[in-house]
Each structure stands twice: as structure tokens, then as C-alpha cells.
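Q: Residue numbers (my numbering): 661 to 1028.
The set of hints was computed from the structure by calculation and includes no laboratory data. Some hints could be false.
Said to hold, decoys possible - Cβ-Cβ distance ranges computed for the label pairs, FRET-style: (1) 988 - 725: 17 to 27 Å; (2) 736 - 992: 15 to 25 Å; (3) 900 - 973: 33 to 43 Å; (4) 964 - 758: 28 to 38 Å; (5) 729 - 884: 22 to 32 Å; (6) 731 - 758: 13 to 23 Å; (7) 960 - 992: 13 to 23 Å; (8) 995 - 744: 53 to 63 Å; (9) 978 - 728: 41 to 51 Å; (10) 1016 - 880: 16 to 26 Å; (11) 880 - 683: 45 to 55 Å; (12) 720 - 971: 40 to 50 Å; (13) 844 - 900: 45 to 55 Å.
For glycine and all other residues, C-beta sits at the position ideal for the given N, C-alpha and C.
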Amino acid sequence: MANSRARVEAILSTFVSVQPHETSALLHSASCFFFILSAYFVVLPLRDEGAISLGLSKLPGLFVGSLFLTLIAAPLSTLIFSFPNLSKAKALFLIHRFFSLSLVLFFILWHTSSAAYSPVKSKATDLTIQAELKEDLKVNFNQTTDTGYSGGLAGHGWFYVSVRIGLFLWVALLNLITISSTWARIIDVMDTESGSRLFGFIGAGATLGQLCGSLFATGMAWLGSFLLLFAALLMELAAQSSKGINKDISHLPEELSPIRKADPDQKGEADEWTAPAFPSSKSPASRVKPQLSAIFDGLWLILSSSYLLYVSLFLWLSAVVSSFFYFQKVAVIAMTVSSSVGRRRLFAEINSFIAIFILAGQLTLTVR
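Could you put the whole structure together from the sequences, leaning on the hints where they help?
A: Structure (C-alpha cells):
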């Protein structure tokens, strides 16, 4: 056991400067992100192809809907970390498992809604999508055409439309909450010094997950809705990996912030899965109330810091630019590829090429 651990540490040392007591948390963090991003990019081509089937003019509305949904759900999702009798490690595990089960539910809904959707209708929809696109390119991407196609929804029942809209919004929510919650847990476990050394490797694990998930979706595009089951399995593996994102209390640094000293999750994390969290001398109500107000502390910190404002501006601009290129990508794919399987495959191939470039940069520029 000791020899195998030493070999693992030797292999890791060729990529990143890691201390022996950080090995377990590093591997579990990287593997957790690997499975999260794999699940996301396995299901992403199916989501985008489903959105195309509703009509290209509906994409901006879906984007706006996902924005409002995340604005509402993201602060609420942090409340699970505020429960006094639930450790943060357990809360993260429950979040991942919840999204895993939700993907199974969407598989049932998607498969059921597609059962009554005949191949003849599918071919007709492919043709009308291309007709709509050509007309939209002459006018405006956000406007429906006045020629033979009424906007994508007319040829489908409400159940078919609802499932595809729901999956589009839900996948966006899955991506935001699972990634942000996992990073929050990792930051809680690692200090600034270790984070500066290890975050690049952890990010590379996420990008490797994007690559593997996209390659899988490329080769298995013909599976259709069954991709949701594979994504659900990967999310469950992410939940299991999150159990190992714990701090080695025998090597805790001397300097800890007052918040971390008061946090019971930093003590006895090895027993989190066999015993309940340490009780607090404060009542549950007194503990939850500060946590509720802490939701708005992040906004206040951003507004009071020019550095954080610039970071927020950078993220906002990158989101605007990426959204523009996303619309163009979807438009080109819808115009050039006529079959649903072909569109899913091309979406996945593009994601694979992007992942290769990102992974190369992370391993060469940010690890050391």
C-alpha cells in the first residue's frame, strides 16, 4: 500500500508540486471535476440538438431563461451548506447525487416524449430548421420567419417542447451549481499556498473530463436520449469522488482564518461519513441566520473591491463573447447538417477540439 502510494506521488510530482498529505485531496478533487465535466459534455450535444429542433429563433429566449433560473437557484443552492447538522462534505455529495437522479428522470421524459415523434416528422423538422435559418440570415436571428415555417413549436406537442426546454435550462443549472459547489469545497479544504500550486492540475482534470465526455458523445451520438443515462452514471461517480475532498488535519497550517477555526467541518473530517457533524454551542436558528445574510456578503465584497469588479467584468465580457459565438456555431451546424445524429456528433467534435487546446495550456502554463 505504501509502495503504491509512493508511486502515485512520484507520478504526480512530474506534473505538479504536491506534498504527501495533499495527494488524496488533489486526486479526489481532480477526479470529481473530471466526472462532472464528462457528464456535462456527454449530454451537451443532446441538449443543443434538442434546442435546434424547437427552432433557432427560440435560442435567445432559452438563454435568458437559463440566466434567470441560475440567478434564483444559485443563491438558494448555497443554503444546503448552511444546515447545522449537515457537514459540507455530505452536502456536496447530496448535490451531485441529486443532479444524477435528475438526469435519470430527464431520460425517462425525453424517451417518452420522443416515442410519439416519428422519423417522418423528424426529417420534416430538419428541413424546416434549415429553411428558417436561411430566412433568418436575411433578416435577424431573433425574428421568426414569415415563410412556410411558424417557429419550430407548431410541429410538436406541448410535452415534447416542455421536455427540451426543461433539459436546456436544467443542464445550464447543473453546470453552474455542481462546479461552483465543488470549487467552494476545495477552497475550504486548501489554503492559498496549496491552491496556487494545485488548482492548475485540478482544472486540467476538468478539461480532461470535457475531452473524454466530448469524445464519448462523438462516438456514441447515435445513442440519443441514452446519453442521459451515461451522464447520470458519471454524476454519481462525481458524488463518490467528492467524499475524498477532505483536509488532512495532521498537517494543518498554523495560520487559519477565524472563520475556518470556528467551522466544525475542519475538525474530524475523517469521520464525516460515520458520525454526524460536531454540534455547535449556538442554536440552529442562530447559525442559519448569519449564513442567510452571508449570501449577500459576496455581492458587497465585489462592489467594494476594484480587483473583484475587474474580474467580474472580465467574466461578463467572456460570457457575452462566448454566447455570440455559440449562436453562430449553432446556426452554422443547423444549416450544414441535416440529421439529428450528425448535429450531435459535430457539436461533440467541436467540444473535443476546444478541450485539447485548453488542456495543453493548463498542463504547460498553469500547473507550475
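Q: Let me make sure I understand: some of the numbered hints might not hold for this structure. Which ones are they, in numerical order?
A: 2, 7, 9, 11, 12, 13
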